[in-house]
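Asker: Here's the letter readout for the chains.
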Amino acid sequence: MSEKPRVGVFVCHCGINIGGYLDVPDVVKYAETLPDVAYAEANLYTCSSDGLQKIKEAIKKHDLNRVVVASCTPRTHEPLFQGACEEAGLNKYVFEMANIRDQCSWVHMHERNKATQKAKDLVRMAVAKARLLTPEEEPEIDIQPIGMVIGGGVSGLTAALSLADQGFEVHLVEKEDKLGGYLNKLEKLFPNNTKAEDVIKPLIQRVKETPNITVHLKSTVTDVKGFVGNFDTEITTGDETLPLNVGTIIVATGADYLNPEGLYGYGEVEGVVTQLELEGLIKEGKLGKAKTIVMIQCAGARIEERPYCSRICCSEAMKNATLLVEENTRRDLYILYRDLQTYGLSYTELEWDAKKKGVKLVKYDIERPPVVTKGEKGPVVKVFGPLLGEELTIEADMVVLSAPLIPNEDNKRLSQLLKVPLNSDGFFLEAHVKLRPLDFATDGVYVCGTAHSPKEVAESLAQARGAASRAGIPMAKGRLKTAAITSVVDETKCSGCGTCIELCAYNAITKNERGLAQVTSAVCKGCGVCGASCPERAITMRHFTNEELEAQGLAAIKEA
Amino acid sequence: MKPVLVIGGGVAGIQAALDLADRGLKVHLVEKSPSIGGVMAQLDKTLPTMDCSICILAPKMIECSRHPNITIHTQSQVKEVAGGAGNFDVKVLKEPRSVNESKCTGCGVCSQKCPTKVRNDWQEGLADRKAIYIMFPQAVPLTATIDRDHCLYFQKGVCQVCSKVCPSGAIDYEQKPEEIDLNVSSIVVATGFQEYDPSELKEYGYGRFKDVLTAMEFERLVCASGPTGGHLNRPSDGKLAQRVAFIQCVGSRSHKKGYPFCSSVCCMYATKEAVLIKEHDPASEVNIFYMDLKVFGKGFQQFVDRAKSHYGVVYIRGRPGEVRMNPVTRDLTIWYEDTNTGDVTSKEADMVVLCTTMIARPENKELAEALGLELDEWGFFKPLNPLTNPIETGLPGVFICGCSHGPRDIPESVAEASGAAACAAEVARRFM
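Quick mapping for you: the protein sequence lines, in order, are chains A and B. Residue 419 in my numbering sits at position 419 of the first sequence; the count goes up by one each step and never skips. Residue 384 in my numbering sits at position 384 of the second sequence; the count goes up by one each step and never skips.
It should be emphasised that the hints constitute simulated quantities derived from the structure, not laboratory data. Quick caveat: nothing in here was measured; it's all calculated off a predicted structure. Glycine included, every Cβ here is placed at the ideal spot set by N, Cα and C. Treat the hints with caution; some may be incorrect.
If we take Cβ atoms under 8 Å as the criterion, some of the chain A residues that face chain B in the derived model are [what the hints assert, rightly or not]: (1) L44; (2) L80; (3) P191; (4) R311; (5) D339; (6) G344; (7) L387; (8) G389; (9) R465; (10) A468.
Below 30 Å or equal to it, Euclidean Cα-Cα: the simulated DSSO-like pairs (lysine-lysine) are [as the list claims (entries may be wrong)]: (11) A/K201 <-> B/K382; (12) A/K525 <-> B/K2; (13) B/K26 <-> A/K481; (14) A/K29 <-> B/K103; (15) A/K356 <-> B/K256; (16) B/K60 <-> A/K92; (17) A/K92 <-> A/K477; (18) A/K54 <-> B/K278; (19) B/K256 <-> A/K357; (20) B/K210 <-> B/K176; (21) B/K257 <-> A/K355; (22) B/K26 <-> A/K477; (23) B/K2 <-> A/K477; (24) A/K92 <-> B/K382; (25) A/K56 <-> B/K103; (26) A/K60 <-> B/K365; (27) A/K92 <-> B/K210; (28) A/K481 <-> B/K2; (29) A/K61 <-> B/K103; (30) B/K60 <-> A/K54.
Please work from the sequences and hints to get the whole structure.
Answerer: Below is the structure:
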């Protein structure tokens, strides 16, 4: 944009949120004196439809080619004002915002004069930057309508089916030699005691019958390059590798069960098993005559080295205990727990049901955990019940440890391959805990099921459907605009040192055939690390050029 | 392709609508109240990140209002549904705002000048609003509405001040209820929940003692945009509350009164609220009375550990038997048995917060009848199968998400909402 800048400044009262704490008309008057400001006005709510209309009218009437709004935060409102600029025929990148609500009226509520002065400073800085802004083009990329689902358990199967039902081609990658995951090893599932095989078999059957789904068994993803819409991946099956170009990737790799070696006599005292092993014994009818059965919750969870709660174990124990009592009412079932984690409508019901059926719930304190020793006939459990105020000694036939779900051991490798983070527990970490539970910060990659954190089958199913929705969005669109705020390399300055390549967290920079840095805009997130670290100052960010930032910085310390 | 109907404009409904609209499907988002946002808009902070709730929700609300594929119908309720998957005929009744939505700029002058004060439900009754009002500053749409039950003009035929002061001539007393006919391929039910009214639990004194609050009331009290600007001035005498007690399982996990189920989220929101108090004033004393500490979510145990070790929040295991008030000082005494020690003892507090259970919305009944669906014994929508089909219902093409089918937290509601959107997208394709 070579034409002379004509900046319009719109200062928002935000009702009384701003107007009540600083002198908005005075800020408008000041803005009018700034270089290249062609027009300035105050609005009661700049973001209201009325306010947006006024911006559009002013752009036309005063021939504005840059727009500054002094109001709240760009985090929530920038797209709205950029939209108004676009509707009036301007490029959205000629827009700049000054946050005089959070940074002036909110933090200087009782200092009207100072708040007003600071608002003027921020407006001066915004105008200084706006004068130098240039229109930017947002690159559009094609999205391959092919999804990849990693993991063939209940989550992966469900996600694959949903993607296929949405009309996309799917590659389902499973590392074992059969589909189904842990559900193959479980007997009955709560809350309604459906046989696990009755849940998993129909899913597997449907996946096999769906022509759009290609299943890759005994396979792992060994390479991922590219970006949303065009991931160049490689899967390895035995000695063979297969390149696959996919648009989106869903991580549904599940979790493992902890082997509670050394805990509560496991591996030392005969008759001490895990819940998973118990399910196997029931499934194979090998439970024998075990009459007194003690279940110990949090066996390896909610402790210092593994602080998280595994969510499913209390419900699982309730279900198994109830089934065992129902099968033989002469059985004595104990569940030793710390805090019962049965929640919501149906899982709380399991707890009531277990109590009704005579399952004995004994709270224990982590300061005085149960002790399991070898007795004459079987394991002996000693536990101090703080609610009973005494120590119980139970001569058991069997002790069942509720061991937690732990992160899949492949998570670390996969997280590096996909450039997505894990949390401190080792589970995959979503983009935002509250509002983006299934997305990663990396576009085009999603997560569901127990790869995300321990959860029930029903919750995994719901999440898998959700991840399929998220992955389906870019693929349904077919094309995607990516933000123009990306880095640009000045090849005349680049020395090819590779510092930026090392530092880029998104793998967005590579060396071209001449050994110089080259940015893949679709992958670049515009974080600016490369620009800040380039020793030759060869890298600048679009919309945050060195000139723009310098002008803004100088305006901060110098009156216009 | 035919549009999709999303019923309920809380965070679940918003997420479902955005997912569907982003993939190119038209969406009708029907919300009963004058603004979308739901309960999440009322919350102060959200755990574990302590993000300001409205600050992270507002962009999604605005996105809904700006999205070319989303039509928002506020003050609207679904009255009749006919047909089936791929072809539902839906009748929506839109109550009159008495304000022209396209003319109102949300300037708020009408509310300033309106002479009639009414209990502000959005502030949980801790403040008043006017008979013409905007639900809250970030409301979407940012449009005033007249509460006809309290407006002097509608009740007595006088006043009309709002019409005189409105700079855009937006007031329209003649607006009639409007029937909107929609034809949609599928329906997402996201009607949310409401808070249990603890008045029937006489022992806790709610309703008798002004400083016994529900958790939602506390959220407004502690919020910077709340009636006290976020200061913990207790309602009875304005004294700054420095000793606060939280009572868990109020209305839940009981077969005697209230509901048998665990409300899933209360232990954690109480912990968050306790941390907020400690952040306001580290010297304050916060006790949480609980039965079982529910820490089953991602990062929850770590959040509780931090509340204990870093902030000094105290957890006491025991269900209090009674709350009493000293009529002179208005201070409260909580009598309880510490079940870890067996001692019957008491604690003093300036304020007591009852962590009430999430219950079904009464409107579910009418909606379920219109849809031809059965509710469960507590009034929640029922999934087709709680294990294998958690989002589908007995009626193909109708999907449920969020608290419409039981208590759950925000991330779970959001994930499910996306799941419901996937189901709706699958139907849309099948009937393309």
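Asker: For a C-alpha distance cap of 30 Å, please report whether A/K56 and B/K103 respect it.
Answerer: 17 Å, holds
Asker: Does B/K365 lie within 30 Å of A/K60 when you go C-alpha to C-alpha?
Answerer: 52 Å, violated
Asker: Let's test the interface hint: is any C-beta of chain B closer than 8 Å to that of A/R311?
Answerer: Constraint on A/R311 satisfied, holds at 4 Å.
Asker: Does the alpha-carbon distance linking A/K92 and A/K477 stay inside the 30 Å limit?
Answerer: 22 Å, holds
Asker: Given the hint that B/K26 pairs with A/K477, does the C-alpha gap stay at or below 30 Å?
Answerer: Since the Cα atoms of B/K26 and A/K477 sit roughly 14 Å apart, the hinted pair holds (cutoff 30 Å).
Asker: Below or equal to 30 Å on CA atoms is what counts here, so check A/K356 against B/K256.
Answerer: Holds: A/K356 and B/K256 sit about 15 Å apart, inside 30 Å.
Asker: Less than 8 Å between beta-carbons is the criterion; does A/G389 satisfy it with respect to chain B?
Answerer: 6 Å, holds
Asker: Does the closest beta carbon of chain B sit nearer than 8 Å to the beta carbon of A/L387?
Answerer: With Cβ-Cβ at 5 Å, under 8 Å, it holds.
Asker: Double-check A/L80 for me: the hint is only fine if its C-beta lies closer than 8 Å to a C-beta in chain B.
Answerer: Because about 6 Å separates A/L80 from the closest Cβ in chain B, which is inside the 8 Å limit, the hint holds.
Asker: Holds or violated: are the alpha carbons of A/K61 and B/K103 at most 30 Å from each other?
Answerer: 22 Å, holds
Asker: Measuring from the C-beta of A/D339 to each C-beta in chain B, is the shortest one below 8 Å?
Answerer: 4 Å, holds
Asker: Given A/A468 was flagged as interface, is its beta-carbon under 8 Å from a beta-carbon of chain B?
Answerer: 5 Å, holds
In summary, the numbered hints that this structure violates are 12, 18, 20, 24, 26, 27.
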